[in-house]
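**Student:** If you want the building blocks of each chain, they are given just below.
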Amino acid sequence: MSAIRKEDSMLLQKQMISDHYDRLASAHDEGQKVVYTFVPGNLNELVRSFGLLPVLPEINALQSGLRKKSGEYIAEAEKHGHSEDVCTYVKCDIGMLKKGNIGPTGRQLPKPDLLLLSYTGCFTFLKWFELLREEYGDVPVAMLHVPYQANGRIEPHQRDYVVQQMRTEIIPKLEQVSGRKFDEDRLRDMLRLSAAAEDDLVWTLESAKKTPSPIDAYFGGVHYIGPIFSAFRGMQSAVDYYTALRAEVQERLDNGQGPVTPEGPMGKEKYRLVVEGPPNWTSFREFWKMFYDEGAVFVSSTYTKVGGLYDRGFRHDPDHPLETLADYCLGCYTNLGLPTRVDLLEQYIADYNADGFLVNSVKSCNSFSVGQLMMLRQLETRTGVPGLFIENDLVDPRYFSAANIKNRIESYLQMLDQKRGVAA
Amino acid sequence: MQRAQNLSEDIDFAAVTEWKARGVGRKAIGHMPTYVPRELIHAAGMLAVGITGGGDKLEIIRGDAYFQSYICRIPRSTIELALSHRLDMLDGMLFPSICDVIRNLSGMWSMIFPDRYVHYVDVPQNFDTEVGGRFWRRELETLRHDFAQLSGVAIDDEALRASIAVYNENRHVIRDLYRARSERPWIFPMSEVYYLLRAGNVLPPEEHTSLLREYLALAPLETSRRDQDRSRVVLAGMFCEQPPHGLVMTLERAGCYVVNDDFLLGLRWLQDDVATTGDPLDALVDAYLNHSAMSASRYAPDGDRGRWLIDSVERNRAEGVIFAAASFCDPALLDQPMLVAALDRSGIPHTEFKFAEDTGQFAVIREQAGTFSDSIRLWSEA
Amino acid sequence: MIDVFVGIDLGSTTTKAIVLDGDGQVIGRGITNSRSNYDVAALIVREEALVRTRFTLVERSIGADAFVVAALERNLKLEQHLELLARLREAMSMIAAGPKHRAHASDLRERLDEIDAGMEPLAREHFAPGATRRSDFFRDLAAADYMHLAEKLADPKGIAFDVLCGVFDAAILAVENLPIERAFERHIGAALETTLSEHLSCDAAQLRRAVEDARNEDLVERATVGTGYGRARLPFPKEQIRSEILCHGLGAHAMFPATRTVLDIGGQDTKAIQVDANGIVTSFQMNDRCAAGCGRYLGYIADEMNLALHELGPLAQESRTRVKINSTCTVFAGAELRERLSLGQKREDILAGLHRAIILRAMSLLARSGGITDQLTFTGGVAKNPAAVAALRDLIQENYGVRTLNTSPDSIYTGSLGAALFAQRAAERKAAA
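These protein sequence lines map, in sequence, to chains B, D and P.
End of the first sequence = 424 in the numbering used here, gap-free, step of one.
End of the second sequence = 382 in the numbering used here, gap-free, step of one.
End of the third sequence = 433 in the numbering used here, gap-free, step of one.
Hint data in this document are derived by calculation from the structure and do not stem from the laboratory.
From a predicted model like this one, the values you see are computed outputs, not experimental measurements.
The beta carbon of each residue, even a glycine, is placed where N, CA and C say it ideally should be.
Just to be clear, a hint being listed does not mean it is correct.
Said to hold, decoys possible - Just the calculated beta-carbon pair ranges, DEER-fashion:
hint : chain 1 : residue 1 : chain 2 : residue 2 : range
1    : D       : ASP128    : B       : GLY179    : 22 to 30 Å
2    : P       : ASP374    : B       : ALA403    : 31 to 39 Å
3    : D       : ASP302    : B       : GLY179    : 44 to 52 Å
4    : B       : PRO262    : P       : GLU318    : 58 to 66 Å
5    : D       : ALA14     : B       : GLU286    : 51 to 59 Å
6    : D       : VAL153    : B       : ALA350    : 38 to 46 Å
7    : D       : ASP311    : B       : ARG167    : 53 to 61 Å
To be verified - Listed below are the simulated BS3-like cross-link pairs for lysine-lysine, each with C-alpha atoms no more than 25 Å apart in a straight line:
hint : chain 1 : residue 1 : chain 2 : residue 2
8    : P       : LYS324    : D       : LYS57
9    : D       : LYS354    : P       : LYS324
10   : P       : LYS238    : B       : LYS268
11   : P       : LYS346    : D       : LYS57
12   : B       : LYS289    : P       : LYS238
13   : B       : LYS268    : P       : LYS430
14   : B       : LYS68     : B       : LYS79
15   : B       : LYS419    : P       : LYS324
16   : B       : LYS79     : D       : LYS57
17   : P       : LYS238    : B       : LYS270
18   : B       : LYS406    : B       : LYS289
19   : B       : LYS419    : B       : LYS268
20   : P       : LYS238    : B       : LYS406
21   : B       : LYS406    : B       : LYS68
22   : B       : LYS268    : B       : LYS209
23   : P       : LYS430    : B       : LYS270
24   : P       : LYS100    : P       : LYS152
25   : P       : LYS384    : P       : LYS324
26   : P       : LYS430    : B       : LYS419
27   : B       : LYS406    : B       : LYS268
28   : B       : LYS209    : B       : LYS289
29   : B       : LYS69     : B       : LYS98
30   : B       : LYS98     : B       : LYS33
With the rest of the complex left out, here is chain B (with noise of 0.2 Å):
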């Protein structure tokens, strides 16, 4: 019985991928229009509220890591002069495009009728979206330029800037595209599903506080973030998913469990570790069994922060639509100033009460890993827990050294039992 619930929340999420992709094949025949747009500080709800439908780039750039197929896009892509050195989220999305352009469900792609071009925390993103304007000839963008936190505190005159380009470029060109007029009490609507789900996300999240922790908030975290940090943000689908996620997750802390692995139920906790730094998708479950296999559990990541700060009190705010818009984007992980992220890490250390910290730095997103060789040692320093440093890539294969990875994790595991033994 309880096996079974435990997978519904997995297969509503996996079906409400699946209806997005299908409404996206057939959205041009339909006459629906679709947008373009990044995952961190994405208008979903503005963009919904259109009646607009998302692509995500991003998105189809890790499920295509998840399924093999980056490898041949990233080649694809530098077939056609991009260079090795570059994001391989941008050469996996070109060459994936160059290739005809079918999404995870097998099907095509439509083309964009706008790029909403959130240039939020990655300056990648710019490129990125030059790039597409290129390759998709005609299509008209729309850029959101949303400054940087430098100092951890957003200042008022970034939010009136963001907002003040919501108003004159973004709405204008959505107006545009879809033939709509901005409704924005239909935006409130939205917002207000937005703050309902957000509350269960929150509460999801932190129930890794608990030991055991009943989720693995890094490797099962990517999972929980889907909804929210994509195209399913405003949408009475999202709460829906929120609150059966909730349910399964409040059911294995009251019989006092542990995550749900690939492999099924995993195994006695033995060690608890924060993460910064986004997966690798083409060995996700490789890497991640490197872990639970050994008993360790991610119980806070940063990762599943880059589509918003929620568990720091950032809700959706239905009373002031484009400021909290504004906020949301200004907001995100990626967004932040170096000395802030440290200071959330080591927050995370604390709350959640970890033996150890991973930094997965990985060689596509410069915005991440510039300086994590400097919060590791600002991290050690500062809480004495020792962290562990992995190389690693988004969706390039060849940066996938399992062995080399392995042993790594192996040390560094070995190295807290020995800590540990001396401490007993």
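Using the hints provided, position chains D and P relative to the given structure of chain B.
**Tutor:** For chains D and P alone, coordinates are given in the frame of chain B:
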């Protein structure tokens, strides 16, 4: 000339220390490549110091500990400069929004030097006066306030207008130099011009302006300089990490006249005079929004990514383009396929290679540039 | 009956073993090339370490007459070498009889016999009293001898040199992948007679007795722990496998108890390890994906300069003006080197720059792991290179001030020593439970 070379190769920044010693309480503000409003620094009586990494003279001992192998060179050598106390004379440091590396470096800086002034200069990517312009004006106001505090000198409009005029003049003479070089590149070889530009990193703008004037007057007197009938190329991709001097020499020796480039682009970011009447902040805002140089780190709202490059080729009667991007430079390398496509559409020949500021070997580059130069000459003769 | 504890370190280039007695004293050790087969390497090296253990027993019973034992050991090696030569002969004749060589089978057989006849005298020369050997590995010695003879005997019109090489290459694989079992027990008799015939001043009767006792001693392997790059390939249960980071930390601590930082530069990777007063690892960093600056890089350079690996360091130390080298990228090493040489830069000056560049990479790993607070122990193959050690000493001085830098000729055994100590602890814990 010798002075320019010494200034541009001095990784100890003696010129800055000397400048500070010439007056009581003088302060200097460093900044990474591309655009910062140096006029505001100048108006506060401070010296703007361009930091473009450590080049090929600096040994990286500590810097590599901070960066993974897939990060470009300039942040490593800049950290090295700082940790080896070579930047101790700087009273503050500005990091313009050029890419995620330099952006995150600003945060690292504030953790390494918690007591020093560090500011991330977030230039707008929206070019509407009422939107991006308003935001940028607020950013400039913050800088004006911060610089006044740092220097103890309130920056009034009059002083700022005067500084704008000083920099207008500096940009003028740089434009003259580029024009002269484009017309008679054998008189103004790249290997010299590069040193002269770099001297602008550490000299007060007035001194830099006179140095360039002097050079413009003296270089034509060198009677041994004759047209070698080389191919004319535009160089692109070096707006942040700077190439070693040997690389620039190599290109010339390989048979190329570099008739335009994007070295030290920050020095000539504003391509027209900034108004010296009216509100000076508004004038700076207007110049940034409407008269900025194009670069990979700037959004191109009109979508014509390669236009500026083709214009540059045409204006300078160049026969081809050499793309030289720093290894792992995201902006330049992501931009390149678009620029290449634009050149292809216009039938302009091009070649590409990557470099690092400490590249020590040029044989491959010499070979490649030489072949390219020969081939475009054959191509243009045909 | 003697209880022994074995640690095996499977490195990417060499595999090492250490045998400890119940008091934690090192009584045996062995080293072999890792080949592509870790299982075999582990078997061979373990056997070698146990052979050495029996020599230690001989030493212990006859007193500190190291000269005699060394002679005995050398002569045992000769016997082992001869046994392997016999195997090689057999393997080659099978290959020569194969279908590939049908056309020239009898000619080939003749040449091989001639070569073979020359191999044994050369082997005896290698192991004669006072001789120096350029390698301790059978493969290296046999290959050099074989090539030397084949070059002389090859005939471009008949059996060409490359045909002879092909036969050797195929045969050596089979030969070196078969361990010699019970070598001490089977060969010590012959070795003893040869040794006695060398007229050393020793008490023959006492020596015979000691050798006999050592041969009959029952070595009980109480626990074995494996570590190193290839450890996952060992046919050991999981609890008998330890990370090489932990083993290096503990091994370095055992060799130099005041060690707080360990730097290990091996063929494929570089490790910076921090340990506490008990040899427990508190932090570590390894080189990233890019293997620039590891031992393998020096290997490329040596090949490119046509030098033996051990010649690089001393040549670098002759430099008066070091060249600044910025890249330690293995991919570009050859091209950069050729360009510099063509510019007229001196080999020793380039090498001096290269050594410094390698150590600079290590310095950044050391910094990442937490810096150098007290004694640093430098291990791994590169620690044998005097120019690398000198560069490290300079850079530590420049960046951390005066620190003790430990190196040991036995540093290559650091990981296996740590593993053996873990084996001993595991056995003690088991006994206590």
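**Student:** Give a verdict on every hint.
**Tutor:** Going down the list of hints, with the structure as the test:
1. D:ASP128 with B:GLY179: 22 to 30 Å: holds, 24 Å
2. P:ASP374 with B:ALA403: 31 to 39 Å: holds, 33 Å
3. D:ASP302 with B:GLY179: 44 to 52 Å: violated, 24 Å
4. B:PRO262 with P:GLU318: 58 to 66 Å: For PRO262 of chain B and GLU318 of chain P the Cβ distance comes to about 59 Å; the hint holds.
5. D:ALA14 with B:GLU286: 51 to 59 Å: holds, 55 Å
6. D:VAL153 with B:ALA350: 38 to 46 Å: holds, 44 Å
7. D:ASP311 with B:ARG167: 53 to 61 Å: violated, 33 Å
8. P:LYS324 with D:LYS57: holds, 9 Å
9. D:LYS354 with P:LYS324: holds, 21 Å
10. P:LYS238 with B:LYS268: Answer holds: LYS238 of chain P to LYS268 of chain B is near 17 Å, not above 25 Å.
11. P:LYS346 with D:LYS57: holds, 20 Å
12. B:LYS289 with P:LYS238: holds, 16 Å
13. B:LYS268 with P:LYS430: holds, 23 Å
14. B:LYS68 with B:LYS79: holds, 19 Å
15. B:LYS419 with P:LYS324: Answer violated: LYS419 of chain B to LYS324 of chain P is near 42 Å, above 25 Å.
16. B:LYS79 with D:LYS57: Cα-Cα ~36 Å, so violated.
17. P:LYS238 with B:LYS270: At roughly 17 Å apart (the allowed maximum being 25 Å), LYS270 of chain B and LYS238 of chain P satisfy the hint.
18. B:LYS406 with B:LYS289: holds, 10 Å
19. B:LYS419 with B:LYS268: holds, 19 Å
20. P:LYS238 with B:LYS406: Holds. LYS238 of chain P to LYS406 of chain B sits at ~14 Å (cutoff 25 Å).
21. B:LYS406 with B:LYS68: holds, 20 Å
22. B:LYS268 with B:LYS209: holds, 16 Å
23. P:LYS430 with B:LYS270: holds, 22 Å
24. P:LYS100 with P:LYS152: Given that 25 Å is the threshold and the Cα spacing comes to 23 Å, the pair holds.
25. P:LYS384 with P:LYS324: holds, 23 Å
26. P:LYS430 with B:LYS419: holds, 20 Å
27. B:LYS406 with B:LYS268: Since the Cα atoms of LYS406 of chain B and LYS268 of chain B sit roughly 20 Å apart, the hinted pair holds (cutoff 25 Å).
28. B:LYS209 with B:LYS289: holds, 22 Å
29. B:LYS69 with B:LYS98: holds, 13 Å
30. B:LYS98 with B:LYS33: With Cα atoms ~22 Å apart, LYS98 of chain B and LYS33 of chain B stay inside 25 Å; holds.
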